[in-house]
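Participant: Dock the two chains into a complex; use the hints.
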Amino acid sequence: MRAFEDQSVRAFRSGLAGGYLHVYTGMEATAIGWLSSRQPDDPIITAYRDHAHALYLGIDPVVCMAEIMGRAKGTSKGKGGSMHLYSADHHFYGGWGIVGGHTALGAGLGFAIKYKGGNQVAHCFLGDGAANAGVFFEVMNMASLWDLPVIFIIENNEFAMGTRLEFHAADPEMHKRAEGFNMHHERIDGMDVIDVRRDAQRIISNVRETSRPALIEVMNYRYAGHGAADNDQTLYRSQQEVELAWKRDPVHRLANLLTEQYGVNKQILEKIQREAEEEMEGVYDEAAASPKPEPDEVYSDVYTDMQPERGH
Amino acid sequence: MVEEIERDENVFLIGEDIGRYQGTFRVTQGLFERFKQHRVLDTPISEPGIVGIATGAAMMGLRPIVEMMTMSFSILALDQIINHAAKIHYMSGGQFKVPIVIRGPGGAANQLSAQHSHSMEGWYAHVPGLKVVAPSTVEDAYGMLKTAVRDDNPVIFTENPGLYSLKGEIPDDKEFTLPFGKCAIRHEGSDITLVGYSRMTHVCAEAAEALDQDGVSAEVIDVRSLLPLDAETIFASVRKTNRALVVYEDWKSGGFGAEIAARIQESCFDYLDAPVGRVGGLNVPMPYARNLELMCIPNKEDVLAAARQLLA
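These protein sequences, in sequence, are chains A and B.
Heads up, the first sequence is in my numbering, so the first residue is 36 and it goes up one at a time.
Heads up, the second sequence is in my numbering, so the first residue is 11 and it goes up one at a time.
Next comes chain B alone, as it looks inside the complex (with noise of 0.2 Å):
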């Protein structure tokens, strides 16, 4: 964001808590005290005014990054993503456009409760307008979030909690950006494919580890990109394989990994050897006692027993 910030004047932050305080997840600490108000603002407590305002904004030729405290909070803007930014390129015909980022912590942390550990990038993938990303690397976040920032559509850009705490490589060039709309295959196998994104991608790849030791091979797709979303990477995938397992923590009913499951059984059915397989959130308000809420969360034993059912 700073490289961003410094590379292009329109480009400044808004959000709560983000300057002064330092961010709740530290993600803009610092950025106060180098940019100021002006391109890094502490906003009131009012998601759909923040979104609405960058939205104009936006219209008017400015980039903000809209950071929402948790993805959990946009539910309150939903109408201004939805019906207003997301809107407006196509209702005007193309004569405006809404180069904004909302990014934010999506998915569970630590004993949040019900309201504060939703995962919306399905809910925002549904939507025609919106790009919606999801990396789970460094590297990736760094290269999808200079890409988001240069995007000129509204972009959704959410973050997991649970790999805030990854170190990782990032090349200097300040030129890098990743582009959207391409998977990245995180492991190579050729007997079962598993499809996953943001933390869950870490999570196939440790179920990948322990089949190794089975001698089953795994290939491990990391979607990092749901709209647009890279189908071809993950069909050339599935007619090696033959199999395959969608991984998401979001509710598993309607959660966006049922959408790449239809799109798999559609294009793929004649290189299956088995049902597309999913393993999603359970579909329950997430509790606040930690031993429920692991439960919850689809973790390697989940994907182990759902994959070993695919490949007996």
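Excised from the complex, chain A in its bound form (with noise of 0.2 Å):
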């Protein structure tokens, strides 16, 4: 993930991504921890900072990144974009650039399964920034007012964009939003994947069983900007700020956890990030080399049974 991340800037420097990029470096204990206690047919959506989502539920890398360099191989055939990831056949709802706005979405995945009568839970990724906005607070009421499977897990990485939170939130716990809506709220720690894991398993059963929807504050960091174009963090933090939150790394934390409590040899971490890395190199040379997508496609999708007005 961390390797695929990487190479996603790579590909947006050497301009075969366009637009906006952005990756979830420093923040992976959250999606790893949190997906990994998912049942498999749980529905999944998140906003734009969706590669760490997507390679965990399990579509193919070179897919993932034929999508980010525009290729018809991608997950949306070229037409969407490193915002716009998606797969019906992994239940992953994509993949959003407004931020904010498909949390309604998120919603609307929970009301379909209680319609349905099904014991899915919904899972929707949100920022800090995005639980600002005017839409959510009136999809946590309804999901409240109507009892949906669906739980809003608020990845707080400190930073809407460029601001800080304590300059966007009125009160820094966004967890507590969830208060006046009678939803249950908690904030627990997001750079530590055994943690994440187990805190997402006990909430994620509550919701299950009690069909009652659940606001999640998971606190991390991202060590990139907040996008590939974010040239100068300087801005809204200090170099000093970042190096100190990378003694927080949740790849290290994870190493440091196997290597000091379960005996594992280093050189075989080192062998795995290698390999890693080694794969991820594969998967952008795979991609880069695969084709554009052809004319004709720009007219397709835009109905499922009708093309739009053609031409200039």
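Keep in mind the hints are simulated off the structure, nothing from the lab.
Every value quoted in this text rests on a predicted model; they were computed, and no experiment measured them.
Hints may contain errors.
[As the list claims (entries may be wrong)] Chain B is faced by these chain A residues, among others (derived, beta-carbon under 7 Å):
(1) Y121
(2) A139
(3) D336
[Claimed, not checked] Capping the alpha-carbon separation at 25 Å, the derived lysine to aspartate or glutamate pairs in DMTMM-like fashion look like this:
(4) B:K192 - A:D340
(5) A:K151 - B:E26
(6) A:K149 - B:E14
(7) B:K192 - B:E216
(8) A:K151 - B:D27
(9) A:K151 - B:D52
(10) B:K184 - B:E149
(11) B:K192 - A:D336
(12) A:K108 - A:E332
(13) B:K310 - B:E269
(14) A:K149 - B:D162
(15) B:K156 - B:D201
(16) B:K310 - B:E185
(17) A:K151 - B:E13
(18) B:K262 - B:E311
(19) B:K184 - A:D340
(20) A:K149 - B:E13
(21) A:K151 - B:E16
(22) A:K301 - A:E314
(23) A:K151 - B:E311
(24) A:K149 - B:E149
(25) B:K192 - B:D240
(26) A:K211 - A:E221
(27) A:K149 - B:D18
(28) B:K192 - A:E221
(29) B:K156 - A:E332
(30) A:K151 - B:E219
(31) A:K149 - B:E26
(32) B:K156 - A:E310
(33) B:K262 - A:E344
(34) A:K149 - B:E16
(35) A:K301 - A:E221
(36) A:K151 - B:D162
(37) A:K149 - B:E43
(38) B:K46 - A:D182
(39) A:K149 - B:D52
(40) A:K151 - B:D18
Backbone N, C-alpha and C define an ideal beta-carbon position, used for all residues, glycine too.
Facilitator: Okay, structure coming up:
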């Protein structure tokens, strides 16, 4: 996952990926820990920092990278891009670019589960910035009012783009927003994958049993900028702050746990890391070599059953 | 709607005051008692949330019919409609579809004033990914609503409140549907083509009768489906009559009638004996005073004046 994100940034810097690209570097423990506790047919939805979720859910990294590079074999045939990865087969509902907007869809996934009488739980990830969007409050109300089995997971990496948590949230303990809607809420640490997994198991099984929604605020930190084009991070945080945060790197934390508590040989871990990096380089190359979409593709999929007006 | 609810268990109604209150224009009268909360759901006042939840539910296979109390209130939900519902099939490369119907009264009623009197169909017909229909007769409303519910794309179904009191026959056949993308010729003629939709179809029909008295034979075309648009029927008529007048209730500048007019002059230039005329609503916020309000909405006299100018 870390290696994949490094390659996506490489794609951006080489001009093979354009527009907006938001990597998950530093936050891996959150997605992995949480999603490892899901039921396989739980629907998952997130915003645009979505590569990690897509990969964890099992979508072929070549297909993801191809999408990021706008190629025909991408998840959306090249028509979505980095912010819009989807896979119906993997119950992954994307991949959305309007901050907070997708939370209504997340509640809708919970609505459909309840309507059809299933036992799935909908997992709706959002950022701390998104938790300020008006529609999010609307759907927290409805989720609680109608007992929708949806968990809203705020990935609080302490920045809404370039705006620090204390400058954008009247109460920085964002999980408390659920209080006014009679919804269960808690704040957990998101930098340790084992802790996240354990908390997630407890919370998810509760939601599944009671069909009552929950708002979970997961505290983590992103080492990269907001997006790949975020060139001058010193505008909103100091280099020292970032360096200090690297000490909490979830990848190293897991590595230390394995070597210290489980006696795993360091060389094995180094080998795994090297192999991951090589594999992701291979993914980059394979995606970069794959063809672009055919021109006629521009008109397909606007509708399920007809074409739009064609031509200029 | 009753027939579609009975036919397909995935169909349900969602909107404000549609259940216990019987609906503000009584469109859903009696349905709550019959189908209960599971199929007829009253919501809090949260347009973006309502449309977003419906969209998410549709992505998981349900077929919501969303009532907007008035289409003016759909403005609140524009982001969910345009940025989410209309986009997902394309952005996902065809993986997810959104079979929702967003229906409600659009256009002026009686002194509802500026915020409650919008004609939104032109805004929506501008957006690739949406289908937009505006029926003008009882039979059309019946057949097209059934088509809308069975359509796998997001459909904006706009009803003019001035037409709610119309009475008419509907076929006995529960499988009766009317396809989109087909105009209806309401009055045959050979001297001038009057193109209208929704309430303006009736205004054009009245004008055609008056023109009959003058010995002028007007052809009245009811567009009824804005997107997809059956331009060919309009062109065939103009090639026959050599004069065209497009009538629409929406603000004249930039309303959908302007698009129709542009297409007519593009495709029928050599057949035209006069410029393509337009009659639209006055370019002002809808005033409250009844005499001013009536000035804003195109009426028979406005159409006759414009038609006579083209015929001169």
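Participant: Taking the hints in turn, state whether each one holds.
Facilitator: Evaluated hints:
1. Y121: holds, 4 Å
2. A139: Constraint on A139 of chain A satisfied, holds at 2 Å.
3. D336: With a minimum Cβ separation of about 4 Å from chain B (threshold 7 Å), the hint on D336 of chain A holds.
4. B:K192 - A:D340: Roughly 16 Å separates the two Cα atoms, so the pair holds.
5. A:K151 - B:E26: holds, 22 Å
6. A:K149 - B:E14: Satisfied, since the Cα-Cα distance of roughly 21 Å is no more than 25 Å.
7. B:K192 - B:E216: holds, 22 Å
8. A:K151 - B:D27: holds, 24 Å
9. A:K151 - B:D52: holds, 18 Å
10. B:K184 - B:E149: Roughly 12 Å between the alpha carbons, so the hint for K184 of chain B and E149 of chain B holds.
11. B:K192 - A:D336: Holds. K192 of chain B to D336 of chain A sits at ~22 Å (cutoff 25 Å).
12. A:K108 - A:E332: At roughly 12 Å apart (the allowed maximum being 25 Å), E332 of chain A and K108 of chain A satisfy the hint.
13. B:K310 - B:E269: holds, 22 Å
14. A:K149 - B:D162: Answer holds: K149 of chain A to D162 of chain B is near 22 Å, not above 25 Å.
15. B:K156 - B:D201: violated, 35 Å
16. B:K310 - B:E185: Violated - the C-alpha atoms of E185 of chain B and K310 of chain B are around 36 Å apart, more than 25 Å.
17. A:K151 - B:E13: Distance ~20 Å between K151 of chain A and E13 of chain B Cα, so the pair holds.
18. B:K262 - B:E311: Distance ~16 Å between K262 of chain B and E311 of chain B Cα, so the pair holds.
19. B:K184 - A:D340: At roughly 23 Å apart (the allowed maximum being 25 Å), D340 of chain A and K184 of chain B satisfy the hint.
20. A:K149 - B:E13: holds, 23 Å
21. A:K151 - B:E16: holds, 16 Å
22. A:K301 - A:E314: Distance of about 20 Å is within 25 Å: holds.
23. A:K151 - B:E311: violated, 54 Å
24. A:K149 - B:E149: Given that 25 Å is the threshold and the Cα spacing comes to 35 Å, the pair is violated.
25. B:K192 - B:D240: Between K192 of chain B and D240 of chain B the Cα gap is close to 5 Å, so the pair holds against 25 Å.
26. A:K211 - A:E221: Cα-Cα ~8 Å, so holds.
27. A:K149 - B:D18: holds, 17 Å
28. B:K192 - A:E221: Violated: K192 of chain B and E221 of chain A sit about 55 Å apart, past 25 Å.
29. B:K156 - A:E332: violated, 30 Å
30. A:K151 - B:E219: Violated: K151 of chain A and E219 of chain B sit about 53 Å apart, past 25 Å.
31. A:K149 - B:E26: holds, 20 Å
32. B:K156 - A:E310: violated, 56 Å
33. B:K262 - A:E344: holds, 23 Å
34. A:K149 - B:E16: holds, 19 Å
35. A:K301 - A:E221: Distance ~36 Å between K301 of chain A and E221 of chain A Cα, so the pair is violated.
36. A:K151 - B:D162: holds, 19 Å
37. A:K149 - B:E43: Roughly 21 Å between the alpha carbons, so the hint for K149 of chain A and E43 of chain B holds.
38. B:K46 - A:D182: The hint holds at about 17 Å.
39. A:K149 - B:D52: holds, 16 Å
40. A:K151 - B:D18: holds, 13 Å
Consistency with the previously given hints fails for numbers 15, 16, 23, 24, 28, 29, 30, 32, 35, ordered from lowest to highest.
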